[in-house]
Amino acid sequence: MRIVIQRVTEASVKVEGEITGQIGLGLLVLVGIEEIDTQQDIDWLSGKLVNLRIFEDENGVMNKSLLDVKGEVLIVSQFTLHASTKKGNRPSYVRAAKPDFSVPMYEAFVQKVENDLGKKVQTGRFGADMKVALLNDGPVTICIDSQHKE
15 MRIVIQRVTE ASVKVEGEIT GQIGLGLLVL VGIEEIDTQQ DIDWLSGKLV NLRIFEDENG
75 VMNKSLLDVK GEVLIVSQFT LHASTKKGNR PSYVRAAKPD FSVPMYEAFV QKVENDLGKK
135 VQTGRFGADM KVALLNDGPV TICIDSQHKE
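Quick note on the working numbering: the sequence shown kicks off at 15 and runs consecutively.
One should not assume that every hint holds.
Said to hold, decoys possible - Using 25 Å as the maximum straight-line C-alpha spacing, the simulated PhoX-like pairs for lysine-lysine come out as follows:
#1 Lys134 <-> Lys28
#2 Lys112 <-> Lys163
#3 Lys133 <-> Lys78
#4 Lys78 <-> Lys145
#5 Lys84 <-> Lys101
As the list claims (entries may be wrong) - Quick list of the computed label-pair ranges, beta carbon to beta carbon:
#6 Gly31 <-> Asp114: 27 to 33 Å
#7 Lys100 <-> Leu39: 36 to 42 Å
#8 Trp58 <-> Val146: 35 to 41 Å
#9 Asp114 <-> Asp82: 36 to 42 Å
#10 Val83 <-> Ile50: 31 to 37 Å
#11 Ser98 <-> Lys163: 20 to 26 Å
#12 Val108 <-> Gln36: 30 to 36 Å
#13 Gly132 <-> Asn103: 40 to 46 Å
#14 Met76 <-> Ser98: 29 to 35 Å
#15 Val75 <-> Asn103: 37 to 43 Å
#16 Gly31 <-> Gly74: 35 to 41 Å
None of these hints come from the bench; they were simulated from the model. Built from N, CA and C at the ideal position, the CB exists for glycine as well.
Work out the full structure, taking the sequences as your base and the hints as a guide.
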């Protein structure tokens, strides 16, 4: 499972012109799922996400977590995070899990983050053509892959 975390002051996602998720201060999280991902990947990534110290403290040092700042989370599925560009110029998405596997994994990840955060998480709509808007704060953007825990 691969996530891209962007620290934001605001973010939203629209499907067919309708806002499906919207947050203020917090994290926009793009999620890509592979067939080899497990519940352990979900648990590990959720723990990393809510405890990652990437918000500034009173001294301007990134020393506070999402929990510390009581931030919000917007989670958007993005199979293109598993694009392979080794051959040619058209990306291959063979590593991205098919919907019958990835939808339950995505939903389980959202639920785990909600449990770890202690509040509702905003989302896009899995498999839809989504329009994501954000105001990246910093900018701070971090990529984490559960297959590379070391």
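Hint numbers not upheld by this structure, sorted from lowest to highest: Per hint list: 4, 5 and 8 violated.
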